[in-house]
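In the order they appear, the protein sequences are chains A and B.
For the first sequence, this note's numbering assigns the number 1 to the initial residue and increments by one for each residue that follows.
For the second sequence, this note's numbering assigns the number 1 to the initial residue and increments by one for each residue that follows.
These are calculated hints, taken from the structure and not from any lab test.
C-beta: ideal position from N, C-alpha, C; glycine also.
One or more hints might be untrue.
Stated by the list, open to error - Below 27 angstroms or equal to it, Euclidean Cα-Cα: the simulated BS3-like pairs (lysine-lysine) are:
hint, chain 1, residue 1, chain 2, residue 2
1, B, 471, A, 57
2, B, 416, A, 86
3, A, 4, B, 143
4, A, 57, B, 476
5, A, 152, B, 476
6, A, 49, B, 378
7, A, 150, B, 362
8, B, 398, B, 438
9, B, 143, B, 171
10, B, 448, B, 476
11, A, 152, A, 99
12, B, 417, A, 59
13, B, 448, A, 126
14, B, 416, A, 92
15, B, 476, A, 157
Claimed, not checked - Computed footprint of chain B on chain A; a stretch qualifies when at least three of its residues, placed anywhere within it, have a C-beta under 8 angstroms from a C-beta of chain B:
hint, region
16, 8-18
17, 29-36
18, 45-52
Stated by the list, open to error - Label-pair ranges, simulated between beta-carbon atoms:
hint, chain 1, residue 1, chain 2, residue 2, range
19, A, 93, B, 441, 50 to 58 angstroms
20, A, 26, B, 475, 23 to 31 angstroms
21, A, 36, B, 139, 22 to 30 angstroms
22, B, 457, A, 127, 26 to 34 angstroms
23, B, 344, A, 15, 22 to 30 angstroms
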Amino acid sequence: MIEKLSNKDIRTLKYGAIGAALILVFVFGSAGHERWTKAKANGAVLRTKLDAINVDKAKQAGLMSIVPVFEMPQVEEEQKFLFRDKLSEQLKRAGIRNKPLQVQAGRKSPQSGYKLLLVKCNATCKFVQVLDFLARLNENPYLVGIEEIKIKCDPKKQGEVTLDLTVSTFAE
Amino acid sequence: MVWQSVVAIVNDDNEFKGVELRKQDGSFEILWTRSSEDVDTGWREFAAECGLSVEPAALEDADSDRMVVAGFNTEGTIFHRTTVPAVGDKEIESIIELQAETRLPLPPEQIELAWRADQLPDGQMGVTIAVARKEQLQKFVGKVRCFEPAKILLNCEGIVKIWEVLFSGNKENALVLSAGAHNTHVCLVEEGRLSNAVVLDIGVDDFSMTSTEGQTETTERFAQDMRSVLDLFGCPDQEGLPVFVLSDGSATYVSIVSSLRLAGLNARVASPGTNRLMAKSELSDEDIYQYRTPIGLALLALEAGSDELNIFENLYNPAQKVVKKHWLYSSTVTIAIASIMLVLLVIVSYAVDITGPNSIEKRLEASVSDVDMNLLVKRQQLIKTVARERPDLLDLFKVVNESGERGITLTSFYFKKGQPVSITGQASSNDQLSRYEKNLQNTKGIEKVNYTANTNAKSKKITFTMTFHYKNFSRKTTRTKS
Numbered sequence: 001m002i003e004k005l006s007n008k009d010i011r012t013l014k015y016g017a018i019g020a021a022l023i024l025v026f027v028f029g030s031a032g033h034e035r036w037t038k039a040k041a042n043g044a045v046l047r048t049k050l051d052a053i054n055v056d057k058a059k060q061a062g063l064m065s066i067v068p069v070f071e072m073p074q075v076e077e078e079q080k081f082l083f084r085d086k087l088s089e090q091l092k093r094a095g096i097r098n099k100p101l102q103v104q105a106g107r108k109s110p111q112s113g114y115k116l117l118l119v120k121c122n123a124t125c126k127f128v129q130v131l132d133f134l135a136r137l138n139e140n141p142y143l144v145g146i147e148e149i150k151i152k153c154d155p156k157k158q159g160e161v162t163l164d165l166t167v168s169t170f171a172e
Numbered sequence: 001m002v003w004q005s006v007v008a009i010v011n012d013d014n015e016f017k018g019v020e021l022r023k024q025d026g027s028f029e030i031l032w033t034r035s036s037e038d039v040d041t042g043w044r045e046f047a048a049e050c051g052l053s054v055e056p057a058a059l060e061d062a063d064s065d066r067m068v069v070a071g072f073n074t075e076g077t078i079f080h081r082t083t084v085p086a087v088g089d090k091e092i093e094s095i096i097e098l099q100a101e102t103r104l105p106l107p108p109e110q111i112e113l114a115w116r117a118d119q120l121p122d123g124q125m126g127v128t129i130a131v132a133r134k135e136q137l138q139k140f141v142g143k144v145r146c147f148e149p150a151k152i153l154l155n156c157e158g159i160v161k162i163w164e165v166l167f168s169g170n171k172e173n174a175l176v177l178s179a180g181a182h183n184t185h186v187c188l189v190e191e192g193r194l195s196n197a198v199v200l201d202i203g204v205d206d207f208s209m210t211s212t213e214g215q216t217e218t219t220e221r222f223a224q225d226m227r228s229v230l231d232l233f234g235c236p237d238q239e240g241l242p243v244f245v246l247s248d249g250s251a252t253y254v255s256i257v258s259s260l261r262l263a264g265l266n267a268r269v270a271s272p273g274t275n276r277l278m279a280k281s282e283l284s285d286e287d288i289y290q291y292r293t294p295i296g297l298a299l300l301a302l303e304a305g306s307d308e309l310n311i312f313e314n315l316y317n318p319a320q321k322v323v324k325k326h327w328l329y330s331s332t333v334t335i336a337i338a339s340i341m342l343v344l345l346v347i348v349s350y351a352v353d354i355t356g357p358n359s360i361e362k363r364l365e366a367s368v369s370d371v372d373m374n375l376l377v378k379r380q381q382l383i384k385t386v387a388r389e390r391p392d393l394l395d396l397f398k399v400v401n402e403s404g405e406r407g408i409t410l411t412s413f414y415f416k417k418g419q420p421v422s423i424t425g426q427a428s429s430n431d432q433l434s435r436y437e438k439n440l441q442n443t444k445g446i447e448k449v450n451y452t453a454n455t456n457a458k459s460k461k462i463t464f465t466m467t468f469h470y471k472n473f474s475r476k477t478t479r480t481k482s
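Using the sequences and the hints, build the whole thing.
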């Protein structure tokens with residue numbers, strides 16, 4: 001039967017076959033391409049998440065030295081209580097007799113999206129006690145950082161200092 | 001591709017003839033000649049005798065540097081010469097198809113035609129058309145397909161070629177006669193190429209009759225036939241047109257020429273000249289004459305870019321003999337491998353991208369829930385934020401302490417995010433204070449160190465206030481990457 005076909009017929013059949021193949025490729029290809037694009041986007045999101053969790057050991061060790069313990073922020077009232085309680089305990093442990101801690105509502109942190117609570121502490125104590133307190137301050141799991149610290153020597157009493165400290169914590 | 005040699009086989013005058021011709025440095029060498037008059041011999045048997053592969057399986061392994069051509073006897077083929085205006089090939093083709101239908105009263109599907117156009121001095125196109133019955137050509141193809149010739153050429157084209165090369169045919173327009181035992185090919189040459197041909201059923205044997213009556217009758221018939229042929233060819237100047245009778249040098253051809261001269265034609269004998277043949281060919285004039293048609297076809301096949309009339313174009317398409325090359329050098333294989341690799345790459349990329357996230361998600365689901373996963377990410381990001389918010393005050397105290405010499409006493413220290421760190425104290429001398437400033441300035445993480453100093457007139461002690469920037473904590477807004 002093919003022998004009866006002219007060159008023109010064969011050429012037409014070839015173009016037809018190529019066209020049909022292109023239609024199939026387009027139909028299945030576009031669906032596949034869409035699926036592929038979605039899968040790639042999902043993959044990228046997953047990889048970003050994994051990268052965020054899977055920090056290399058040296059970096060993780062560095063982070064752990066600065067933030068050895070950490071608790072996720074709670075609602076403001078609860079966080080305020082927990083932070084103040086832990087801070088008082090740490091001050092007490094360092095032997096610092098402080099005036100009552102004052103809690104101030106701070107601004108919302110643009111980086112974390114949490115509210116920043118400030119806790120002010122005033123005390124008169126020995127400088128070594130301050131050092132001891134600061135050395136253990138990172139063990140407070142609710143602490144974000146030291147916002148302000150003022151240490152002033154009392155010229156009359158050798159080794160005694162007045163301490164004005166403001167520390168912060170995140171709250172939801 | 002460049003062929004080293006050509007094997008040409010013809011069935012001329014009921015006799016199979018074969019030659020192998022090689023071209024070297026502008027000369028031709030006939031490597032061998034073979035003929036067979038055996039009535040039982042067919043194309044297949046003779047091709048085998050000539051050392052050609054006739055088994056289908058062996059064809060692919062056949063020598064690739066040797067071209068094989070078969071000659072088609074032009075009996076039953078009608079030639080026609082016409083002129084057309086200088087138009088494109090498509091227009092010429094349609095004109096020719098119409099002319100062919102008038103020349104051969106058969107439906108178009110039963111005929112095959114080939115044409116060749118050449119430019120005439122008057123600006124028109126001269127077209128030589130060859131028309132034959134398809135059935136006849138198909139039968140011939142069936143006979144020669146067994147040894148798969150690279151080309152099937154017309155015998156009369158071979159005759160014109162050998163006249164031109166070995167019989168000193170130097171005329172642009174001429175009539176060439178090639179007389180066989182029982183027939184004579186009459187070929188009209190115009191502009192150096194075959195333009196028309198017929199086969200007359202008078203041969204050398206008819207001229208070699210012993211009786212005088214018989215000879216006279218043959219001579220008259222031959223002269224009459226030649227007049228008819230010239231009329232058919234449409235030659236205006238029949239007496240002036242040179243007629244070449246190919247000859248092996250024997251007396252018979254002289255008598256043919258004489259008969260033509262008597263008829264008023266400008267006839268002459270054309271004898272073979274061996275100057276274009278290499279000496280080692282060792283062929284006599286008789287041999288060259290006997291094998292004139294296959295030698296002519298071989299010469300035609302060896303000629304690069306020869307525009308022969310291929311009447312078998314639609315009926316015979318020989319399998320190309322592929323020069324054996326390592327498969328690695330084959331562009332087809334390379335393209336195929338590259339295509340497969342490309343497809344594999346797309347498939348693998350697709351599979352990895354589709355299954356990768358799914359498998360990661362499955363493994364994560366097995367170990368942690370989606371909520372836990374988000375919490376982990378959030379926690380990790382928060383820890384990083386907190387780490388950036390925590391100044392190492394103990395380290396700063398150490399630096400401030402170690403940078404000062406004995407004699408410097410610090411009285412206060414003040415740090416607030418977004419402001420320079422401020423320290424106050426007493427120093428013994430300005431030099432000491434200056435060195436203290438330099439030491440702090442050289443410390444990593446501390447910059448922009450400034451101080452103001454006042455000297456106490458009584459104690460001669462210097463009271464100073466020094467400020468400096470500590471890492472990124474002293475900048476107005478602490479920008480951190482989330």
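Tested hints:
no.	hint	verdict
1	B:471 with A:57	holds, 24 angstroms
2	B:416 with A:86	holds, 22 angstroms
3	A:4 with B:143	holds, 22 angstroms
4	A:57 with B:476	violated, 33 angstroms
5	A:152 with B:476	holds, 24 angstroms
6	A:49 with B:378	holds, 9 angstroms
7	A:150 with B:362	violated, 53 angstroms
8	B:398 with B:438	holds, 16 angstroms
9	B:143 with B:171	violated, 36 angstroms
10	B:448 with B:476	holds, 14 angstroms
11	A:152 with A:99	holds, 16 angstroms
12	B:417 with A:59	holds, 25 angstroms
13	B:448 with A:126	violated, 31 angstroms
14	B:416 with A:92	holds, 24 angstroms
15	B:476 with A:157	violated, 36 angstroms
16	8-18	violated (count 0)
17	29-36	holds (count 3)
18	45-52	holds (count 4)
19	A:93 with B:441: 50 to 58 angstroms	violated, 37 angstroms
20	A:26 with B:475: 23 to 31 angstroms	violated, 56 angstroms
21	A:36 with B:139: 22 to 30 angstroms	violated, 59 angstroms
22	B:457 with A:127: 26 to 34 angstroms	holds, 30 angstroms
23	B:344 with A:15: 22 to 30 angstroms	holds, 28 angstroms
Against the hints set out earlier in the document, violations occur for numbers 4, 7, 9, 13, 15, 16, 19, 20, 21.
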